[in-house]
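In the order they appear, the protein sequences are chains A and B. Under our numbering, the first residue of the first sequence carries the number 133, and numbering increases by one thereafter. Under our numbering, the first residue of the second sequence carries the number 214, and numbering increases by one thereafter.
Because the hints were derived from the structure by calculation, they are not lab data. The beta carbon of each residue, even a glycine, is placed where N, CA and C say it ideally should be. Among the hints, a few may not be true.
[Stated by the list, open to error] Per the computed footprint, the stretches of chain A lying under chain B, defined by three or more beta-carbons under 8 Å from a beta-carbon of chain B, are: (1) 218–229; (2) 261–275; (3) 278–290; (4) 358–371; (5) 379–388; (6) 405–411.
Now for the letters of each chain:
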Amino acid sequence: MFNTKTILAAVALVASLALPAAAQEGHSTPHIDKQSWSFAGIFGTYDQNQLQRGFQVFREVCSNCHSARLIAFRTLAEEGGPGFSDEQIKALAAEYEIADPTADGGVRKGVAADFWPSPFATEQDARDANGGALPPDFSVLAKARGVTDAFPFWIFNYFTGYSEGGPDYIHALLNGYHEEAPEGFELAEGKYYNDYFPGHAIGMGPPLADGLVSYEVAEGEAEVPLTLQQYSTDVAAFMMWMGEPHLAGRKQTGFVVLLFLVLFAGLMYATKRRIWQGIEH
Amino acid sequence: MSEHSTYTPGSGIEKWLDERLPIIRFSKEHLMDFPTPKNLNYWWTFGAILVMCLGIQIVTGVILAMHYTPNIGMAFDSVEHIRRDVNGGRMIQSFHAVGASMFFAAVYIHIFRGMYFGSYKAPREILWILGVLIFLLMMATAFMGYVLPWGQMSGWAATVITNIFAAIPIVGTPLLELLRGGFSVGNPTLNRFFSLHYLLPFVIAAVVALHIWALHVPGNNNPIGVDVKDTKRDTLPFHPYYTMKDAFGMVLFLIPFAWFAFFAPDILGHPDNYIQFNSQVTPAHIVPEWYFLPFYAILRAIDFNLLFIDSKLLGVIFFGGSILILFFLPWLDTSKVRSGNFRPMFKWFYWLFVVNFVALTYLGAQPAEGIYVILSKICTAYYFIHFIVILPVLGRIETPRPLPTSISESVLGKAH
Ligand code: HEM
């Protein structure tokens, strides 16, 4: 007959086999430092100034290659976002030409309801301009990337609600370039070495460098450093906003709902106790 | 347990209705007066929680379908349109997606509750079998729903899972083409999956009605597994005692539900599903949703041929068998004692089975290489050994602890 000890021993054996196996997971990303984002956690909201700076980086640099086909100009004026005014959006949209077969000559000036125009007409054009690599669309890119933590650390993510793997990865990627590939690494023509890109050979050259974008500083605001570190944080935050424009409202509602549920559960429990009073069960 | 109605029509209209469609009498008998063992614990609230989950899925799903476009060129963007532009769309979509996970979490608890307390034993075999049928329908529904957003994982899951059927001899290939509506996963696949994904929840609702009917014939099992002897002393009317307890359970369950839906709606999914499906680009790791992982691990564990059966078909047999074997559980468990509380040996094997099941879940998410392959084989073997060897043998060799004579006796015997 099996006794308790035998069974415990068997369980321990299985566990001891499984744990080292879990530790040497082959497919986890290289270690990525998690940043502290204003939009993390249950009270998270976007930092409006940061989104505006991130938008500037996106517009001046990234949007030369990357599209954002699901982002309409009008969304930039929505609550919880970069907070541009309707006039600013109108003026911004008018700076762009939108292909429209019903318009004279096939193009017209953009309006707030238009979507962000793509830098290339077709996927093939985009590839031709980038040595065969396709710059992915930015609309939901921040949610299409993530950070995989090793066992058992990912378990905690369910309790902290960690959802910032995308911006953490993008931030790391933008800071992860090396002038030269490490010795012994065969880097193909037109590729760049990056610590965090899967396979390390990425078709995008380092898009940012210190001093590349000049931020305008409004009166009375602190100077923001013009560094790669700063740009990459700002643009990653902006990309998160593109993927999740209603994040702030969602979390605010969530806090109220959760508070309500906890209080309601308390009342329900008290009522249940009352009803069951005096009944042996 | 019928004929426990205390209903007397209060008014002329009620009397008139009662003689034609006794719906009020029926509701009173089954939703209010139904005698329910007084010792049910909180594990018994999960049935009500599941009804709530089904309701949430149907309501949110119907709204999503108003804005969703089942076309391979537009499906991905239409889901984003719901998240971005539909009023409250981000939350409705999130409740539906997170709701699927919560539904499965609840159903696993419900099933494992049944396994521990022997709720599948006579006279509740049909009740159990209907439950397994619901579980199968839920899996089909969830799988097809996951395909609808047409992300990378959607399309590749559809490809991999429909491929499983191709391994069946003779009918395999025609079946595969029927499921896909063509040779490969494409627009016809998406259209039929959408149609069926809308249909199946209502089939589930119908089977749930049968499930509860089958419950209300023998009445509830209970934590000590001893039949109700004396309705007056052993039971309480369902309302207000269990309506209240179930409602409290539901609100409690909504707390983690809301936590995920509001604060981490994507944490239970895979980032790759935010990339539109491309049949030319295979993701590095194709992993199904977490609730399919144990069965996926079993499917992948079989990588060897047996006699004339090749590994692919054998995998399908084990995969299908791992769920179908649940249908036979009432007859595989030979013990007359229902509740695990009175079965000293069963208790251990039950928990070992749970650990093994969790291990399979973990293994289903790992790449099929190295140590994981061996562990998957061990765990798969143990899964079946539990049903085919351990349960039948335990019933014969185990000496159960003495059972209380009645529910009321056991309740009074508890220290308060
Ligand atoms: C949509 C899914 C389901 C719904 C809505 C549902 C609903 C219910 C309800 C309301 C009860 C009575 C309350 C309770 O005992 O918790 C119940 C009991 C039961 N269910 Fe389910 N169920 C579902 C799925 C399943 C599945 C998948 C199984 C097993 C494979 C199952 C097996 C049972 C059993 C054995 C009982 C009797 C428990 C007892 O009285 O001890 N159910 N179900």
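Verdict on chain B covering the stretch 405–411 of chain A, where coverage means 3 or more residues with a C-beta closer than 8 Å: holds (count 3)
Mind checking, does the stretch 358–371 of chain A have 3 or more residues with a CB under 8 Å from chain B? violated (count 0)
Do three or more residues from the stretch 218–229 of chain A put their C-beta atoms closer than 8 Å to C-beta atoms of chain B? Coverage by chain B is violated here, the residue count being 0 at a Cβ distance below 8 Å.
8 Å C-beta criterion, at least three residues: is the stretch 379–388 of chain A covered by chain B: holds (count 5)
Tell me whether the statement that chain B covers the stretch 278–290 of chain A is true, taking a Cβ distance below 8 Å and needing three residues at minimum. Satisfied; 3 residues make the cut.
Verify this for me: three or more residues of the stretch 261–275 of chain A with a beta carbon less than 8 Å from a beta carbon of chain B. holds (count 5)
In summary, the structure is inconsistent with hints 1 and 4 from the numbered list given earlier, while agreeing with the others.
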